[in-house]
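Just so you know, we're using our numbering here: the sequence shown kicks off at 1007 and counts up by one.
Simulated from the structure, these hints should not be mistaken for lab results.
Keep in mind that the hints are not guaranteed to be accurate.
Unchecked claim - Derived DEER-like restraints, expressed as beta-carbon distance ranges:
no. : residue 1 : residue 2 : range
1   : Gly1016   : Gln1041   : 32 to 38 Å
2   : Asn1008   : Lys1039   : 16 to 22 Å
3   : Asn1040   : Arg1015   : 34 to 40 Å
4   : Phe1038   : Arg1010   : 19 to 25 Å
5   : Phe1009   : Asn1040   : 18 to 24 Å
6   : Lys1035   : Tyr1014   : 20 to 26 Å
7   : Gly1042   : Gly1016   : 35 to 41 Å
8   : Leu1036   : Leu1013   : 20 to 26 Å
9   : Arg1010   : Gly1042   : 26 to 32 Å
Keep in mind the model is a prediction, meaning the values are calculated, not measured.
A virtual CB, placed ideally from N, CA and C, is assigned to each residue, including glycine.
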Amino acid sequence: MNFRRYLYRGKENVLAQSVLLAIAYNINKLHFKNQGGRTG
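The whole structure should be built from the sequences, with the hints applied where relevant.
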């Protein structure tokens, strides 16, 4: 993932975007583990 900066202003918006980035990162990680057959 190529994250460079937050797109929104304000504490709540930055927090929401951080949560979405974390979810996307984890889904991406699970996807590649599943493709390689390394699911636990």
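Now for the hints, and whether the structure bears them out:
Gly1016 and Gln1041 have their C-beta atoms about 37 Å apart, which keeps the hinted 32 to 38 Å range intact. Restraint check, Asn1008 to Lys1039: a C-beta distance of roughly 20 Å satisfies the suggested window 16 to 22 Å. Under the hint 34 to 40 Å, the C-beta atoms of Asn1040 and Arg1015, about 36 Å apart, fit the expected range. For the pair Phe1038 and Arg1010, the beta carbons lie near 22 Å from each other, so the given range of 19 to 25 Å is met.
Checked against the hint of 18 to 24 Å, the C-beta distance between Phe1009 and Asn1040 comes to roughly 23 Å, which is consistent with it. For the hinted restraint 20 to 26 Å between Lys1035 and Tyr1014, the CB-CB distance of approximately 25 Å keeps it satisfied. Checked against the hint of 35 to 41 Å, the pair Gly1042 and Gly1016 passes, with Cβ atoms roughly 39 Å apart. Take Leu1036 and Leu1013: their Cβ atoms lie about 25 Å apart, and the range 20 to 26 Å holds.
A beta carbon spacing of about 28 Å between Arg1010 and Gly1042 agrees with the range 26 to 32 Å that was offered as a hint.
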